[in-house]
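**Q** For reference, the chains in residue letters:
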Amino acid sequence: MADRLLRMKGIGKSFAGTRVLEGVDFDLHAGEVHILAGENGAGKSTLIKILAGVHADYEGTMEVGGQVCRFRSPRDAATHGISVIYQELSLIPSMRVSDNIFLGRERSTHAGWMRHGSQAKACAALMARLGLDVNPSRNVEDYPISVQQTIEIAKALAFDARIIVMDEPTSALTKPEAERLFAIIAELKANGCGIIYISHKMEEIYRIADRITVLRDGTHVGTATAADLPRAALIHWMVGRDIDEQFPRHAPHLGGVRLQVEDFTVPDPHGRPYPLVDRVSLRVRAGEILGIGGLEGSGASALLNGLFGAYGRILGGRVALDDFPCAVRSPQHALRHGMALLTNDRKTSGLVLSMGIAENITLASVPKYSPGGWFNHGREMETARRHERAFGIRAASLTQTVETLSGGNQQKVVLAKWLETAPRVLLLDEPTRGVDVGAKQEIYALMDRWTAEGIAILLITSEMPELLALSDRIIVMHRGRITAEMSREEATQEKVLEAAMGQRSGVEGVAGP
Amino acid sequence: MINRKTHTIRALLALPFTRALMALLIIVSLGMVFNADGAFFDWGTHRDMLRQVSVYGILACGMTLVIITGGIDLAVGSVLGLMAVTFSILSIRLGVPPAAAILLTLLLGALCGAVSGALVARFRMQPFIVTLAMMVFARGLAKFLSEGKKIPNYVVGPDGSYTEAVPFFRHLDTRILGGNLAVVTVIFFLCVFLSWLVLARLRPGRYIYAIGGNEEAARLSGVPVGWVKVLAYGMSGFFAAVAGICQAAQETQGDPEAGATYELTAIAIVVIGGTNLMGGRGSILLTLLGTLTIGYLEKILSINAVSEAGRLMLTGGIIIAAVLLQRSRK
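For the protein sequence lines, the chains are W and G, in the order given. According to my numbering, the first sequence is numbered sequentially starting from 177. According to my numbering, the second sequence is numbered sequentially starting from 2.
Calculated directly from the structure, the hints in this document are not laboratory data. Only a predicted model underlies this, so the values are computations on that prediction, with no experimental measurement involved.
The list that follows gives simulated cross-link-like pairs (lysine to any residue, SDA-like), each with its CA atoms no further than 25 angstroms apart:
(1) W:Lys544 to W:Arg561
(2) W:Lys523 to G:Met279
(3) W:Lys523 to G:Pro225
(4) G:Lys144 to G:Ile90
(5) W:Lys523 to G:Leu16
(6) W:Lys544 to G:Leu198
(7) W:Lys523 to G:Glu217
(8) W:Lys544 to G:Trp197
(9) W:Lys544 to G:Pro225
(10) W:Lys365 to W:Met184
(11) W:Lys523 to G:Arg204
(12) G:Lys144 to G:Thr253
(13) W:Lys523 to G:Gly227
(14) W:Lys523 to G:Pro17
(15) W:Lys544 to G:Arg282
(16) W:Lys523 to W:Tyr487
(17) W:Lys544 to G:Leu203
(18) W:Lys523 to G:Arg282
(19) W:Lys523 to G:Glu216
(20) W:Lys544 to G:Glu216
(21) W:Lys544 to G:Arg202
(22) W:Lys523 to G:Arg125
(23) W:Lys365 to W:Ala400
(24) W:Lys544 to G:Gly227
(25) W:Lys544 to G:Glu217
(26) W:Lys544 to W:Ser506
(27) W:Lys544 to G:Arg204
(28) W:Lys544 to G:Ala201
Just the calculated beta-carbon pair ranges, DEER-fashion:
(29) W:Thr350 to G:Val137: 43 to 53 angstroms
(30) G:Arg312 to W:Ser249: 37 to 47 angstroms
(31) G:Glu258 to W:Gly293: 51 to 61 angstroms
(32) G:Ala310 to W:Gln263: 49 to 59 angstroms
(33) W:Ala232 to G:Leu315: 38 to 48 angstroms
(34) G:Gln127 to W:Gly280: 21 to 31 angstroms
(35) G:Ala322 to W:Asp252: 35 to 45 angstroms
(36) G:Ala310 to W:Ser270: 33 to 43 angstroms
(37) G:Ala322 to W:Glu472: 42 to 52 angstroms
(38) W:Val230 to G:Ala322: 31 to 41 angstroms
Beta carbons: idealized from backbone N, C-alpha and C, even for Gly.
Same shape as in the complex, but just chain W (with noise of 0.2 angstroms):
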């Protein structure tokens, strides 16, 4: 394997001041299948999208083929032969199949007139390489995901890649799409490609791989190849890392069951056949925090939105609210019942950004502000004034539109938004993503007042130190399923990754697969 297709030394990468990608190096041979390993926000997807032309100022340089490239968009990264397959697919779903696969470089007369027929031909004998039974004339959309992705597999040998990139491929797939996938894979390879593949799949990693590189916090941890490093390695360089920050949990005053879901199921919205929260059971007490692990896709988020009733009325499962029945129809319904879920984009879920501080603060308890519809400013202005004071919101007016904000900032108006509703039960979905670190510690005591004060808290952070020290008790969740369950003194990093790559550690009333 001494023809290596790529090469990328020292790369480095900030956003707005943090450093995201330290000295990373990575490279890649032809006829391999290279393993791009790490937790969320380790910096896998930086380090694509440098590679895919999407992100042009980093620092570092790039071979491709021997020669020192830098790419100054995606098309420029296309035309050096790399295709980056990303988990939302890119083609256009209302064209033809043929004209997905020749966009950008249609197949024409000098006089720009259209040869569908050669296209359909080229795209017909690239259908049948790959094995698969498509019609070129007919709309992607009429296709299911896993034929779509081949289909993108397609144009990017069309386009004479020889750099394929895969974020999580498998991850809308079945059993038997996954495999055809593998086997399409194997092809590539024989054909001298290489490829680079993201996967949070610990059985599918050794399935098919032949070297592992992972990368953690920005930084190149190692590489090796899959026969030299063994699961418990891997998870090892993935978590390896000490828990040294201050995390201020004090003893719980843990009350009656405050929450108690039992069988919860959020179908699928696009229809596929794999639920997006599939029977989950649990129970919170008050005062209690409940922490969720789990990587991308695992169903966490969906679990807080499903409960919340952000995908109105779920059918699947029940739910009980300090033992109460309570089928949660709409969001506006949750809130009456005492919920708040602050999701985990605060820009286009979280905040109204062309509203000022105080009006996003009062807005998920407005008739409170407004008795008879009539609004009192003056009452709101205070409560403002008050939750500024609590939450050390730093701006320079509350009348300032939160989109002039730092992140932090940001999410303290979010979080006091929903403390302004006096919830009992608080769902938090990443409550300190793209916050400073100062902000951070302040989120963490003003979580430790709140279950003080007989709130009962659900938690998602894909920051594992955060997720170990904040939590009472932890579930961990992988492909919609709950595979773990323990007590704040039974877990560990490795327990709760291993968990989340999808090893079922014999959780109670836990089915198997």
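Dock chain G against the given chain W, drawing on the hints supplied.
**A** Coordinates of chain G only, in the frame set by chain W:
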């Protein structure tokens, strides 16, 4: 110190209100230059401008509410026509007393808007499509009710003489304060005040801004998104009915063709004021400034005897200029 001062001035200049005011002042100063032998300095000119622009301004009030939710209401012109006809039929043909006729017409106008709003909210249809359909439907209904003919405000006596049927039409199209202000202008200002109450002082206003700013965040915060949309479109229909009654009074008849393309003027007014078509940002005060800007523009062109062709072309150019001026902050 100097730095801080320039900073404050810059911040002030970045405010949409300042920009809308500047656009208005530029137009007004153009009027002072091209004053048509002093005609621009005559109060009568301003009074007439206000009277002529009032119907557009009333429509723009409703349009502002809808646009802040992130939607659009193309039906206001047609609903205006339908309501002008409805009001005329009720009061002239059926002899319903003006007060009752007004009440009924306003209710029907609000209903037209509410239907659009309900379709947008319940079936998640695009506002453009829904209100386009309502625009066509309302125009058809207006023609059906009037049998395609204008409904004039007079009765022909046995001796062939024309006598006014309903004096209320004349009362609505008179001037008050010693002939210095048209009644329709007062109605326009009342509509502005009502919109201001809703947007700035009442609960639904907060919801309207929240939905336009981030519908998903609003929904997850328990905002009754559907009802608020029904309300916003309903109020747009209500204002279209107010405009329809005023239009009928000004024309002394119910014309089924009345209000065609008025929705475009209303949108232009809102946009020139600086309310964002993406929703979430804007205010009724901006729409007031936008109304005056459009009104003065038309007036200045007409007192200078610019042909209609030239007027239309200039108006098109000025809409683009005004929007560029609004946008130049980034």
